[in-house]
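Can you make the complete structure from the sequences, with help from the hints?
If you read the sequences in order, they're chains A and B. The first sequence begins at 9 in this note's numbering and counts up one residue at a time. The second sequence begins at 9 in this note's numbering and counts up one residue at a time.
Calculated directly from the structure, the hints in this document are not laboratory data. Note that the Cβ used here is the ideal one computed from N, Cα and C, for glycine as well. Keep in mind that a hint or two might mislead.
[As the list claims (entries may be wrong)] Here are the simulated lysine to aspartate or glutamate pairs, DMTMM-like style, with alpha carbons at most 25 Å apart: (1) Lys306(A) with Asp307(B); (2) Lys306(B) with Glu310(A); (3) Lys332(A) with Glu112(B); (4) Lys248(B) with Glu112(B); (5) Lys327(B) with Glu272(A).
[To be verified] To list a few chain B residues with every Cβ distance to chain A over 12 Å, as calculated: (6) Pro53; (7) Leu115; (8) Phe143; (9) Pro212; (10) Gly251; (11) Asp252; (12) Asp284; (13) His285.
Given next are the chains, with one letter for each unit.
Protein chains: 2
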Amino acid sequence: MAAIIPLETPRRKATNALEQLTALVQDDLQAVNEVVLTRMQSSVPLIPQLAGYLIAAGGKRLRPILTLACARLCGYEGARHRKLAACIEFIHTATLLHDDVVDESELRRGSPSANTLFGNKATVLVGDFLFSRSFQLISEDGSPEVLRILSDACAVLAEGEVLQLTTSYNVQISEQGYLEVIRAKTADLFAAACRLGTVVAERPVAEEEALRTYGLNLGLAFQIIDDVLDYSAEQAQLGKTIGDDFREGKITLPVILAYNRSNELERQFFRRVLQDHQQKDGDLQQAIIILSRTGALKDAAERARHYGAIARDALGLFKPHPVKDALLDVIDFTLEREY
Amino acid sequence: MAAIIPLETPRRKATNALEQLTALVQDDLQAVNEVVLTRMQSSVPLIPQLAGYLIAAGGKRLRPILTLACARLCGYEGARHRKLAACIEFIHTATLLHDDVVDESELRRGSPSANTLFGNKATVLVGDFLFSRSFQLISEDGSPEVLRILSDACAVLAEGEVLQLTTSYNVQISEQGYLEVIRAKTADLFAAACRLGTVVAERPVAEEEALRTYGLNLGLAFQIIDDVLDYSAEQAQLGKTIGDDFREGKITLPVILAYNRSNELERQFFRRVLQDHQQKDGDLQQAIIILSRTGALKDAAERARHYGAIARDALGLFKPHPVKDALLDVIDFTLEREY
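Given below as structure tokens:
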């Protein structure tokens, strides 16, 4: 007996949208985790030790989940997407390792960063190892299109890192400059992760373009909200660490908007704490006061909603499907999340 | 006796904002028009005849005005910006000529297009002549930075044309694809026009970046609103021509949003009229009904407001100045204009 599928399934709540999406691709994700664990092995014990430290500490696996979900949405029944999702996770992990060295970060997700524990040299080299592993996985897949998409994404990622190096610690970076950095560093990998799903399913280019639009704009929204949350008083009340970007002197959208809207005294403050790295007790609180007064946090979140709206419309091309609903909910989750 | 400049001058209305900006740079614009008229001369009479047809028919001269205004905002006192503004107008005119040939347009701004009157061959070649003239003007200016900015902008423009050729007549183009085309075809030249103002004034890179952000986002907003107005029922009531893009089968943001939000019957309609070019009486009205029902016109204008907000914040870096106020008003004018 066939189930009756309503034309529009009722929308779920944004809370736990990521868990819902994860549940929909659970078997695939299990397989991806196995690929990741197998392929980070090496006869050099330090490699799995260091790589595993970050990979096991585990983020949300958002990027590989997007690959799996988009493949599912496109009706793909094969297994290629599993290796490619692992590949995306390797590329992402490699850039995190290199980022932490470049930024001289001491913490990542509240734990000591890999470079703190294993040193800069090993961290850089294991990043290179993971990049190489990802291209081995691409080679095994054998598709020239996959190779093109992922090599493009890696080149853009590297360009984004260099661009950030030359601009992101300048308090007078423009909003456009910021957008170009986060597009290169975050959004293009989201876009690539989503596109792979249509490529393996051999779907028309219109669907590939739709999912590229979804991924890219979800990535922009995701990064902007990430940057907003780093100054969120609500976060602090929830006992979360805030102010990481502030302590590093990283110039993100909330600061750019606040700086543009500030008076000269406040601009001097931002230059002292972020550009000259002369911070003292109470400076973070002072920054949050200025960010609130100028509406910078509110309006940065508003900017993110624009990208969320583009991502939402992009999915309009697809027929009703549980994965489609979950991908829509992930947009709301990204915009409304508090962690 | 020094005039007292209030910290914040009261904001004017958006109506005629462009006229107000034009009035602020009136002398410079007069000089630019002279450069344009002198430099489009040639011993080959067809050249000034054809170039003059389009240049005299005159658009709003928005791009050269932006160069003049930004130079003024940056406190520039010299005369370099006049030739560079003329250069921007030549580049813009050259792309219009080539566009009309490529699109096989019969009308531009309600009059017969140059290619209709003078033929395709002459129109293409006079476009090339104007490109060459603009690089002569750049050469006379002598700044390597100006050469870099404008040669980059021209390369991006040409890429945008080719990109449009391969995507913009496909009803399933993505919103991201559309944004990339209008950025390349319109917004990057706006950005270059604004940047030149800071470059001649030798201002810090932060101001150049701010005006690049202003120009680029104003350009995006400008083009989106242009595309919305082509379907505006209010426009039609005012006796303006609408439906040019529709008749050409050009896929713009309102159509992209409507298509993504449509049912299969409506999608068939869009494919028939825009992709298969089978249009009959009443189709434009039918399209406007779908664009309204799906909220596509309203939401496309909403997308434009996002870019307007970015442009507005970018000017925050500059001290109070009549030109700053006028540039702010031009954003509102761009978003609210009905022609």
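- Okay, which hints does this one fail, numbers in order? Violated hints: 3, 9; rest satisfied.
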